[in-house]
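Asks: For reference, the chains in residue letters:
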Amino acid sequence: MRILVIEDDSAAADYLVKAFREVGHVADSATDGEDGLALAQDGQYDVLIVDRMLPKRDGLSVIGALRDQGVETPALILSALGQVDDRVKGLRAGGDDYLPKPYSFSELLARVEVLARRRGGRNEETVLHVGDLQLDRLSHQVRRGAEEISLQPREFRLLEYLMKHAGQVVTRTMLLENVWDYHFDPQTNVIDVHISRLRSKIDKGFAQPLLHTVRGAGYMIRDGAR
Amino acid sequence: MTALGKLFRTTTFKLTLVYLTVFALFAAFLLAYFALNTRRLIDEQITETVNAEITGLAEQYRQGGLRRLVIVIDTRARRPSSSLYLLTTFNGQPLAGNVTALQPGILDKPGWTETIYRRLDESESAQHAEHRALVRVFQLPGGFRLLVGRDLEERERLYRIVLAAGRWSVAIVLVLGLAGGLLVSRRVLRRVDAMTETTRTIMEGDLGGRLPVAGTGDEIDRLAENLNQMLERIESLMRGLKEVSDNIAHDLKTPLTRLRNRAEQALRVAKNDDEYRAALEATIDESDELITTFNALLMIARAESGQARDDMKDFDAAEIVQDIAELYEPLGEEKGITLKVEAATPTPAKGNRELVSQAVGNLIDNAIKYAEPCTEPAGGAPAEIVVSATEAGDRVLITVADRGPGIPPEDRARVVERFVRLEQSRSQPGSGLGLSLAAAVARLHGGELMLEDNAPGLKCIIALPRGGPVQSAA
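Line by line, the protein sequences are chains A and B. Residue numbering for the first sequence follows our numbering, beginning at 1 and increasing consecutively. Residue numbering for the second sequence follows our numbering, beginning at 1001 and increasing consecutively.
Hints should not be assumed to be uniformly reliable.
Unchecked claim - Capping the alpha-carbon separation at 30 Å, the derived lysine-lysine pairs in DSS-like fashion look like this:
#1 A:18 with B:1271
#2 B:1335 with B:1369
#3 B:1369 with B:1459
#4 A:101 with A:18
#5 A:56 with A:18
#6 B:1350 with B:1340
#7 B:1369 with A:204
#8 A:89 with A:101
#9 B:1369 with A:201
#10 B:1350 with B:1313
#11 A:101 with B:1313
#12 B:1459 with B:1313
#13 A:56 with A:101
#14 A:101 with B:1369
#15 A:101 with B:1242
#16 B:1340 with A:201
#17 A:201 with B:1335
#18 A:204 with B:1340
#19 B:1313 with A:89
#20 B:1459 with B:1335
#21 B:1350 with B:1459
#22 B:1271 with B:1253
#23 A:56 with A:89
#24 B:1350 with A:89
#25 B:1253 with A:101
#26 B:1335 with A:204
#27 B:1340 with B:1313
#28 B:1253 with B:1369
Just so you know, these hints were derived from the structure itself, not from any lab.
Take the sequences, apply the hints, and build the full model.
Replies: Dropping the structure here:
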C-alpha cells in the first residue's frame, strides 16, 4: 500500500515513513501543505496522513482542495486538537478519519489499513463469514458451524464491526468510536471486558479460536486455519 | 487635580449646571413675561379711564363752560388719588388742577405722553418730589388745554417688585442648584472614587476585593453588582488556572520523573534485549497514562472555560444512562457488582452528549472501582450500583448511587478538586480527575455535581438545567 505522510515535524514524518516501510508499505512524506497537495494530486496513493497544522497550507484545506479536484484518496487527519468539535470539523472538511496526537503507531497503522481496505470496495455483503462463523446482518442471526449463538444487540454490533474488518487489527478506540459512538477515553479496560464476553460466546467450546488479541494494538478476528 | 476641580468635572455636576442654566433662563423669561404683561395691562387700564374722563370733562365744558369745568376739576383734584388734572389757558397759565412742574412743552403736544411731574400739594423739597405719570393732553374748544393722567407710581412699584423677585429667584435657584449639584456630585463622586480605589487594589493583584454596594438598588449599585459578579468569575478562573499549573507541576512532573528514571535505569542496568524490551514497554505504558491524565486535564480546562458550549445539542439523558451503563456493565459484573438502570422514560436535556457521557462514565467507573464486592450488605444481596435519569422541576438529574465506602461529608467538597484522592483510594488506579471532570461538565451546562450520602455508600448526582446553560444572568 502506498502512503503519503504530510507532516511538518520532520522527525515525526521520518519516524512514520520508516515504521510504515518496516511493516511492508511504501511511504513518502511532504513537509508542507503545498508540497503535500502536489504529491497527492496524482492520486497514486492509497491513503493520506495529513497533519492538521501545516505551513503554507493547512491540512483541512489540502484535503478540501483534493476533494474539489475529485481526488478521493482516503485521508486520515492527525491533530493536536482532539476535542469532539475539532474532529467533526475535520471530518466535515473531507477527512475520513481523525486521530488526535499523541497517538501510537499501532493505532495509526490499524486505522490506515482499514481506510485503505474501505477504498477497495465497500463491504456491503449481507452475510459475513469468518471461518465457520457466520453473521447475517439482516436477520441478526449468528451461527458458528451448526450452532446458533445468541448475542445482545451491542455484542452483535461489536462482532459485526470485527467481522467487517476481518483479518485487520481493530483498536480499542476504533471499537469505542464505531460500536459505541464515543470519542473519549473510558480510562479503564471496558472494551477488553466486552471482548472477553463476546469471545466466551463465539469461541468457547470450539477448537479453533477466531477472535485474537493483538498485543499492544487491539483485536483481530480471523480464520486461524487459513 | 484638586478635589474641587474633580468635583466640577463630574458628569453629575455638569448636568446640574446645564439644568441650572435652563431653569434660571426659564424663570427669568417667566418673570419678564409677567412684568411686561402687567405693565401693558396697567397702561391699558390708565388709557381707558383717562379717555373716559376726558370725554366726561369735555362734555362738562360743552355744557357748563369753563366755569363748570374748573369747579369739577378742582373737586376731583382735591380727592386723594393717583388721578392728575390740569387745565391751562392757551399760553399755559394754569386754571385748575393738582399738577405742576411738568416737563416743558408737554402741553404743546396733544395726545399721550409719559412725563415727570410734581403734585401741587407737595413741597418742592419733599423727598419724592418727582413722579412719573402717563398723561393725555386734550385741546378744548377755545384754546384751553386739558391734561388728564395717572400717576405711574403703582406701575413702577409693581415693576420693581417683579424685578426684585426675578433677581432673588434667579439667585436662589443658582445657589440652591449649585449647592444641590455639588452635594449630589460629591456623593456620586465618593462612590465612584471608592469603586476606583477598589479596582486599583484588584488590579494590583488582590483578586478577592469587591466593589462596595450601597444597597440602594440604583444604577451605580447595579453596575457594581454586575462588576462584582464578573470579578467573582475572574477570580474563580484565575484560581482554576493557578490550581491547574500547580497540579501540572506536581502531578505531571511525578510520572515524568518516574518515566525518566525508568529509561535511565534501563540504560544502566539492562543486559539483554528482553530487559530492554520490558523497560521500553513499561515506559510506553507510563507515557500512555500521562497522556490520559493530560487529556483529562485539557478536557476539564475546556469545560471550565466554557468553550464546549458551542457544541450543545438536544439529547436524551435516559439514553446516555442506558448506553454508558451498558458499556460499563460487564466491568461491574467482573467484580460481582450489579448495575441497575432506572431510566425507562425519555429524559430530554440539552448539552454536549460526549462530555455528559464521559462524566457519567467516570462516575460509574468510580462506583465500580470503590464498591468492593466484599462489602455486601448483611442481607446477602450483591453489591449494587443504581444509575438513573430523572426529571426534577426544570432540571434533569443523572444519579449514580453505590454501596461502597462513600465519602465522609467533610471531604466531599475537596474530592471534586483536581487530583485529590482520599487516602483510602490511593491504592486504586486512576488519575484523581474523574470527579473534577464530572463537576466541570456539570458547571459547563449551568448545573452542578452533588455528592450525597447513600447510607451506606455514595450518591453522585449530576444536575443539569433542562434547557442547557442560561447564556447570561440578565
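Asks: Hint by hint, say whether it matches the structure.
Replies: Taking the hints in turn, this is what the structure says about them:
no.	hint	verdict
1	A:18 with B:1271	27 Å, holds
2	B:1335 with B:1369	9 Å, holds
3	B:1369 with B:1459	14 Å, holds
4	A:101 with A:18	18 Å, holds
5	A:56 with A:18	25 Å, holds
6	B:1350 with B:1340	24 Å, holds
7	B:1369 with A:204	28 Å, holds
8	A:89 with A:101	16 Å, holds
9	B:1369 with A:201	26 Å, holds
10	B:1350 with B:1313	5 Å, holds
11	A:101 with B:1313	26 Å, holds
12	B:1459 with B:1313	27 Å, holds
13	A:56 with A:101	21 Å, holds
14	A:101 with B:1369	28 Å, holds
15	A:101 with B:1242	25 Å, holds
16	B:1340 with A:201	23 Å, holds
17	A:201 with B:1335	19 Å, holds
18	A:204 with B:1340	28 Å, holds
19	B:1313 with A:89	16 Å, holds
20	B:1459 with B:1335	20 Å, holds
21	B:1350 with B:1459	23 Å, holds
22	B:1271 with B:1253	28 Å, holds
23	A:56 with A:89	20 Å, holds
24	B:1350 with A:89	21 Å, holds
25	B:1253 with A:101	20 Å, holds
26	B:1335 with A:204	21 Å, holds
27	B:1340 with B:1313	27 Å, holds
28	B:1253 with B:1369	25 Å, holds
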